[in-house]
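Trainee: Taking full-length UniProt numbering, the leading residue of the sequence shown gets 1, the next gets one more, and so forth.
Any given hint might turn out to be false.
[Stated by the list, open to error] Each computed DMTMM-like pair below joins lysine to aspartate or glutamate, with the alpha-carbon atoms no more than 20 Å apart:
(1) K351 <-> E380
(2) K194 <-> E154
(3) K194 <-> E253
(4) K293 <-> E356
(5) K381 <-> E365
[Unchecked claim] Pair by pair, the computed Cβ-Cβ distance ranges are:
(6) F286 <-> E94: 46 to 52 Å
(7) N361 <-> S407: 17 to 23 Å
(8) G225 <-> Y354: 29 to 35 Å
(9) S189 <-> F286: 19 to 25 Å
(10) G225 <-> D24: 44 to 50 Å
(11) S97 <-> S15: 47 to 53 Å
(12) K140 <-> S15: 38 to 44 Å
(13) D24 <-> D193: 43 to 49 Å
(14) K289 <-> Y220: 51 to 57 Å
(15) T318 <-> R187: 46 to 52 Å
(16) A236 <-> D193: 54 to 60 Å
(17) M1 <-> Y85: 54 to 60 Å
(18) Y220 <-> R91: 33 to 39 Å
(19) S134 <-> N113: 26 to 32 Å
Since the hints were made in silico from the structure, they are not lab data. Every residue, glycine too, gets a C-beta built ideally from N, C-alpha and C.
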Amino acid sequence: MLCSISKINIPIPYSRKRVKIELDGRSLIITGGNGCGKTSFITAIYNYLKQGMDDPQNNDIEYLTNQIRSFENHLKKIDRDDGNYDYYQRRLEESISRIEEITSFNIEVNSINNNEIRSLLRFHSATRQAAISSPNQAPKYSALVEENKHFANEKDGSQFFESYLLSLKKNQSYAIAFDKDENEAKRISEWFDKIQTDLQSLFEDPNLTLEFDTKDEKFYLHQDGKDKYTFQTLSAGYSSILSIYTDLIMRVEMWGVSPDNIQGIIFIDEIDAHLHVSLQKQILRFFIKSFPKVQFIVTTHSPFVVTSVTDSVIYDLTANEQIIDVSSYSYGVVMEELFGVQPDSHVLTDKLNYIEKLIQNLTPENIRELEKVILSLAYEKENMSDDTQAFLDAAQLKLIKTKKNISK
């Protein structure tokens, strides 16, 4: 059973550079400028592992060498017009290519001998969206579990997430009304409470509730001040998150393991895609905390993702170097030093210049205007560079002093 990656020593696709990373089972964050090959890099790792998992002989050089000899002998014995010629030629090229890949790829993995549990190996693309379907009726719980027991890595678990919720809710009702099984009813209730708590964390709303409408037998998400909505009407950002979360939850349930014990590797391209800044700060930390034995390998453009975790490896693909823990650094420093981007936007720069202009000629008439501009920046202040925050603090102090002098 594949558990995690311990070492990576491979070439960057379409490049002469090689990457050497010591992971020892820790999660990996890949950063770098646009076009540096982040997606190609993690895709190459995933494909290498997947081929070895689909058929262990794909990683056996001795076996592949014997295959090459066999295909070459077959090709010598038949003419090009033979119906099998193209087949043997293709298999020969595939085997040669695989040996070249193995010799250039050095990926060391941690594994355990347990054939009863399927190895978790998933790749979530940057364009991922939750495929949670709305069931027409509650499926039979035992049939749903039997059908999806140890379902394959290629299958998207989010597809039957709501079907599972519905079947479990039906079982809860049966446990109360017919079986008089309070323990089972309590277990199911606690499971739903855990799902609701996770959703509250992901949606950054402690008051969010997961509600079941008995009339139309459907689940709704409810937040104060909003109309209730379904899993099928999520925004792109939340749909992106739930595609990963619900898939993992279904593997936990169908594979008969707990969130704390499920093991394997999950690749997530552009984990920050479509997410608000506040959610970028916690999304990777949430997944690592919720599934502590899963190794997450992600790409990102976000300094908020990079600074959100402590016990993960950060690798800058553009500079081709491993980065030290930056969780204690400000977002501005990470933006400028790691991503090579000035942390302050053009809009922010214009506002700062306007504040400076007002301060230089501060009068009773423009105090209200200065106060308004400073207040408009208060919400995003924590995401600004240290210099910008210091400038705003100084402007605020100047404003307070001027207002006091005027009131005397």
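Trainee: Run every hint past the structure and note whether it holds.
Mentor: Results of checking the hints against the structure:
The hinted pair formed by K351 and E380 meets the criterion: a straight-line CA distance of about 13 Å does not exceed 20 Å. A distance of roughly 26 Å separates the Cα atoms of K194 and E154; the hinted pair therefore is violated under the 20 Å criterion. Note on K194 and E253: the hinted pairing holds, with a Cα-Cα distance of about 13 Å set against a maximum of 20 Å. About 51 Å separates the Cα atoms of K293 and E356, which puts this hinted pair outside 20 Å; it is violated.
Proximity of K381 to E365 is assessed by CA-CA distance (about 26 Å); at most 20 Å being required, the pair is judged violated. For F286 and E94, the Cβ-Cβ distance of about 40 Å falls outside the hinted range of 46 to 52 Å, so the restraint is violated. A hinted range of 17 to 23 Å for the beta carbons of N361 and S407 is consistent with their spacing of about 20 Å. In this structure the hint that G225 and Y354 lie 29 to 35 Å apart at CB holds, the actual value being about 33 Å.
Hint check: S189 to F286, Cβ distance near 23 Å, so the stated range 19 to 25 Å holds. The hinted window of 44 to 50 Å between G225 and D24 holds, with their beta carbons roughly 46 Å apart. For S97 and S15, the hinted distance range of 47 to 53 Å is not satisfied, since their beta carbons lie about 18 Å from each other. A C-beta distance of roughly 52 Å is found between K140 and S15, which places it outside the suggested range of 38 to 44 Å.
The given range of 43 to 49 Å is broken by D24 and D193, whose C-beta atoms sit roughly 35 Å from each other. For K289 paired with Y220, a C-beta distance near 27 Å fails the hint of 51 to 57 Å. Taking 46 to 52 Å as the suggested C-beta distance range, the pair T318 and R187 conforms, at roughly 49 Å. As the Cβ distance of A236 to D193 is approximately 28 Å, the hint placing it in 54 to 60 Å is violated.
For M1 and Y85, the Cβ-Cβ distance of about 40 Å falls outside the hinted range of 54 to 60 Å, so the restraint is violated. At about 53 Å, the beta-carbon gap between Y220 and R91 misses the expected band of 33 to 39 Å. For the hinted restraint 26 to 32 Å between S134 and N113, the CB-CB distance of approximately 41 Å leaves it violated.
In terms of the numbered hints stated before, the structure departs from hints 2, 4, 5, 6, 11, 12, 13, 14, 16, 17, 18, 19, listed from lowest to highest.
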